[in-house]
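Here is how the chains run, residue by residue.
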Amino acid sequence: MTGWLEASFTTQRPHAMAALTRYFRDIEIAEEVFAEACVKALVDWPENGTPRDPLAWLLTTARNAGLDRLRKAQRQKRLLAHHAADLEAVDQPAPDPDELRDDVLRLLFICCHPALERQDQIAMALKIVGGLTVGEIAQAFLIKPKTMEQRITRAKKRIADNPVAFETPSPQERGRRLGDVSLMIYLMFNEGWSTSGGDIQIRVTLCEEAIRLARLLVTLFPGMGEQVALLSLLLFQHARRDARTDAGGKLVALEDQDRRQWDLSNIAEGSALLQKASRLNHLGPYRIQAAIAAEHARAASSEATDWLAIEAHYAALYAIQPTPVVRLNHIAAQARTKGAGFALAEMAPLADELDRYRWYHTMRASLLEQISDHRAAKAALERALELNPTEPEGAVIREKIALCEKNLRPV
Amino acid sequence: MMYAITIYGESGVFENLPAAKQQEVMSGHRALQEELDKRGDFISVKLMPPSTAVTVEPPATADQKPLITDGPFAETKESFLGFYAADFQTLDDALEHARMISSPIARLEVRPIAWAGGAISSE
Numbered sequence: 000m001t002g003w004l005e006a007s008f009t010t011q012r013p014h015a016m017a018a019l020t021r022y023f024r025d026i027e028i029a030e031e032v033f034a035e036a037c038v039k040a041l042v043d044w045p046e047n048g049t050p051r052d053p054l055a056w057l058l059t060t061a062r063n064a065g066l067d068r069l070r071k072a073q074r075q076k077r078l079l080a081h082h083a084a085d086l087e088a089v090d091q092p093a094p095d096p097d098e099l100r101d102d103v104l105r106l107l108f109i110c111c112h113p114a115l116e117r118q119d120q121i122a123m124a125l126k127i128v129g130g131l132t133v134g135e136i137a138q139a140f141l142i143k144p145k146t147m148e149q150r151i152t153r154a155k156k157r158i159a160d161n162p163v164a165f166e167t168p169s170p171q172e173r174g175r176r177l178g179d180v181s182l183m184i185y186l187m188f189n190e191g192w193s194t195s196g197g198d199i200q201i202r203v204t205l206c207e208e209a210i211r212l213a214r215l216l217v218t219l220f221p222g223m224g225e226q227v228a229l230l231s232l233l234l235f236q237h238a239r240r241d242a243r244t245d246a247g248g249k250l251v252a253l254e255d256q257d258r259r260q261w262d263l264s265n266i267a268e269g270s271a272l273l274q275k276a277s278r279l280n281h282l283g284p285y286r287i288q289a290a291i292a293a294e295h296a297r298a299a300s301s302e303a304t305d306w307l308a309i310e311a312h313y314a315a316l317y318a319i320q321p322t323p324v325v326r327l328n329h330i331a332a333q334a335r336t337k338g339a340g341f342a343l344a345e346m347a348p349l350a351d352e353l354d355r356y357r358w359y360h361t362m363r364a365s366l367l368e369q370i371s372d373h374r375a376a377k378a379a380l381e382r383a384l385e386l387n388p389t390e391p392e393g394a395v396i397r398e399k400i401a402l403c404e405k406n407l408r409p410v
Numbered sequence: 000m001m002y003a004i005t006i007y008g009e010s011g012v013f014e015n016l017p018a019a020k021q022q023e024v025m026s027g028h029r030a031l032q033e034e035l036d037k038r039g040d041f042i043s044v045k046l047m048p049p050s051t052a053v054t055v056e057p058p059a060t061a062d063q064k065p066l067i068t069d070g071p072f073a074e075t076k077e078s079f080l081g082f083y084a085a086d087f088q089t090l091d092d093a094l095e096h097a098r099m100i101s102s103p104i105a106r107l108e109v110r111p112i113a114w115a116g117g118a119i120s121s122e
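If you read the protein sequences in the order shown, they are chains G and H. Numbered per numbering that gives the first Met the number 0, the first sequence spans residues 0 to 410. Numbered per numbering that gives the first Met the number 0, the second sequence spans residues 0 to 122.
No lab work stands behind these hints, which were simulated from the structure alone. This one's a predicted model, so the numbers in the text were calculated from it and none came from an experiment. Any given hint could turn out to be false.
As the list claims (entries may be wrong) - The list that follows gives simulated cross-link-like pairs (lysine to aspartate or glutamate, EDC-like), each with its CA atoms no further than 20 Å apart:
| hint | chain 1 | residue 1 | chain 2 | residue 2 |
| --- | --- | --- | --- | --- |
| 1 | H | Lys45 | G | Asp119 |
| 2 | H | Lys20 | G | Glu207 |
| 3 | H | Lys76 | G | Glu98 |
| 4 | H | Lys76 | G | Glu5 |
| 5 | G | Lys143 | G | Asp160 |
Assemble the whole structure, with the sequences as input and the hints as a guide.
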């Protein structure tokens, strides 16, 4: 049965960890007793059959294991006295769904503690909620397991020093938590998607974990359009994973990708979710980004893409997120609808602000190429190369520089 | 008689399985589909995760419209994952075929398909 049951534990883990963390007010204990319950299930389930409600079984077993522990442990005496009333009552093994969704959100929110650096927040979520091992997380972030272990221990301490309230949150507070947690999930995906090297497989795992968490949020809060849109966006993006690198591991730009390699089931689910999100009355940044991703996903080629629609989406995104990077994306779409010359003129005012942004220079280079200004294109690429590109990006840039040089040579 | 083989389980567990186990589940489905294909028409449906669903609730009173809500609520228990529908000679025949897709992550139910005018029959 090994392998089959572990998959079920992984599925139950976020809910179980969330309920146990509230129950014991301690993430460490929750992790330990959940692991203990899983070990018991490995013996019990094959013998007595898998329970119809595995979560309830795991929770009851974990709670009882934890209570045994608390009764035995001297150091927990005070805690036991304090929560005696709660801890005795194991009356309701299956938690109330409303309570459970706030529990899961709280657990994720605890991981997003503002005292933690972003990468540590993501590492905590992967460890506590996703159940990844320290070794796997270390591999994903390209650091030594020992260092990761220390960082997680430190992060847990910081969280314990400044606990998140265990009361039911107000609607405003719930909204704020959802926003923070969603951003963490979005950045977890980007961390996996970014190409700063490392083992491809573990980085795909990071993307899959982010999708799993986004899916969890949608299951818990089906009426929240931004969270539905976030899941949709991640699925559209993830659909391109096999097409974005070639056989040699080199990055392939969206316009050059073999679209037959895009994962159609991801795209189908992304589309279904985007339609669902669109029914809900809201227009947030995730929904607009998902709409842009959907335009790419449904186009047979770069030429066949509805660039006018994409340009309109970026204009809408810029209206609610007026950042230079969003503006640059908007201009990239305008380059398709209004031409390279127009786009270059629009980019000029961003030159100072985005001087340290590699993509500003590579995009400028490709527009300059289009108007056959090879000399300026080469200069722009050389600037991009100064800005510490990742290895796969650097390889692409150097290749383009060589092409400019070839074009500069008299025929 | 037309039978449905309906599949229930925890949504997302399949995705969490190691690749070898996923292959094991899929090969059962492929074998069943090949087998059913030889015998004639059949339907096989895999549903997307419950997160994609929208629920239409009956109206509270006769003069109201049905209420559309944005999904089944936080359900941690098993859900309806998909089904097959095909013509089988006997119940035993249907059960024999259901066995081909049995796995530790799914509970299967074999049930005859009803029609407004009675059971659809192959005769």
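Note to self: Name the hints, by number, that the structure is in violation of.
What the structure shows: Result: hints 1, 5 break, sorted rising.
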